[in-house]
Each structure stands twice: as C-alpha cells, then as structure tokens.
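Participant: Quick note on numbering: our numbering labels position 59 of the sequence shown as 59, and the sequence is numbered without any gaps.
Please keep in mind that the hints were generated in silico from the structure rather than gathered at the bench. Glycine residues also receive a C-beta, built at the ideal position from the N, C-alpha and C atoms. Hints may contain errors.
Derived lysine to any residue pairs resembling SDA-like cross-links, with alpha carbons at most 25 Å apart [said to hold, decoys possible]:
id, residue 1, residue 2
1, LYS99, PRO50
2, LYS117, LEU167
3, LYS99, TYR24
4, LYS99, THR32
5, LYS117, LEU23
Pairwise CB distance ranges, derived in the manner of DEER restraints [to be verified]:
id, residue 1, residue 2, range
6, GLN119, SER6, 17 to 23 Å
7, THR16, GLN119, 21 to 27 Å
8, GLY134, ASP15, 32 to 38 Å
9, ALA137, GLU66, 36 to 42 Å
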Amino acid sequence: VQSRISASDDDAEEDTLNGSVDLYSTDLELITDVSAGQVVGMRFRDMAVPQGATITQAYIEFECDEADFNQTDITFFGENIANDLPFTADTNNITIRTKTAASANWNSIPPWSVNFKYQTPDLYAIVQEIVNQGGWASGNAMVMIVEGSGKRTAESYDGEPDNAPLL
Numbered sequence: 001v002q003s004r005i006s007a008s009d010d011d012a013e014e015d016t017l018n019g020s021v022d023l024y025s026t027d028l029e030l031i032t033d034v035s036a037g038q039v040v041g042m043r044f045r046d047m048a049v050p051q052g053a054t055i056t057q058a059y060i061e062f063e064c065d066e067a068d069f070n071q072t073d074i075t076f077f078g079e080n081i082a083n084d085l086p087f088t089a090d091t092n093n094i095t096i097r098t099k100t101a102a103s104a105n106w107n108s109i110p111p112w113s114v115n116f117k118y119q120t121p122d123l124y125a126i127v128q129e130i131v132n133q134g135g136w137a138s139g140n141a142m143v144m145i146v147e148g149s150g151k152r153t154a155e156s157y158d159g160e161p162d163n164a165p166l167l
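Please take these sequences and the hints and turn them into a complete structure.
Facilitator: So this is what it looks like as structure tokens:
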C-alpha cells in the first residue's frame, strides 16, 4: 500500500517560535529552516489498510531537494486519530494534534544529495497504533509528525508533486 502527498494542505511546516504554519513551501526542511526550528506534518490520503491489519513494515521515502550535511536527529510520530484532517494555516495546527504513543527515531542521518531518494527507519509501530483504532477504516487518511534537530531538505507537494513524500 502506498500513498504520496497529493495536495498543498497535506504537507506543512510549523515554526516552533510563533506557531505559524506554511502550507505552500516548495520543500520540507526537516527540521531547521534558516535558524528557526519547525515541526513538519505530512498527511497521506486514501490509505487502503483494513482496520486491525498487521503492519510488518512502513517507511516514508523522501527525495532530497537540497544537499545537507549537518548533524540531524529526528523523531516521527503519527497523529492519534482514525481519520486525519488536512492541515490549515491556523496557528499551531500541527503541534495541537495528539501524537501517537509509538514513535521512531532517525538519528545521525547521513548527508543527503540532491535528487536522491532516502527512506526512514521502519515506522510500522506508528502505523499499527493508528490502524488498530476502532474508528480506522480502509481509505482513511494518516498523518505523520516530525520533530527533532538538524536539517535535511526534502521535496514537497508544492515543489515537485511527483516526488513529494511517499508512505
């Protein structure tokens, strides 16, 4: 099962200083943008996974938009809800969402090179927690939330839709 970010309101960056949310960035900085930190949200639509299905593997594939070499450590969470809503420009629209108990760390990420694709560590526990919810149904949307430090820059829907993040 695969789902690619498919609209401007399906990937977003929230500034950690003032809570402003950008829905139209041409790339996704994981995590530092200029000198400010941010939280990144990605919403994957139409996840054709039945409620309670056993998840054996899950990851997000990113395409690099800018070469980055600094120390980067990030953590992935899901939104703990059975059918996620699109992101909005409302203040704190990513961080206000309830995160899953399950998370996955991606520490000491190797340097990225432009136009190459990179896969996260296994996110199966996050996806499993979401699809185990009673309200989950095949075709629902699923959100991943990314926090951390450092910087890796990936394509976004508004930058290159065909190379936006893929779950």
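Participant: Now tell me, hint by hint, if it's right for this structure.
Facilitator: Results for each hint:
1. LYS99 / PRO50: holds (21 Å)
2. LYS117 / LEU167: holds (13 Å)
3. LYS99 / TYR24: Distance of about 23 Å is within 25 Å: holds.
4. LYS99 / THR32: Holds: LYS99 and THR32 sit about 21 Å apart, inside 25 Å.
5. LYS117 / LEU23: Roughly 22 Å separates the two Cα atoms, so the pair holds.
6. GLN119 / SER6: 17 to 23 Å: holds (19 Å)
7. THR16 / GLN119: 21 to 27 Å: At 26 Å between Cβs, range holds.
8. GLY134 / ASP15: 32 to 38 Å: The hint (32 to 38 Å, Cβ to Cβ) holds, given that GLY134 and ASP15 are roughly 35 Å apart.
9. ALA137 / GLU66: 36 to 42 Å: holds (38 Å)
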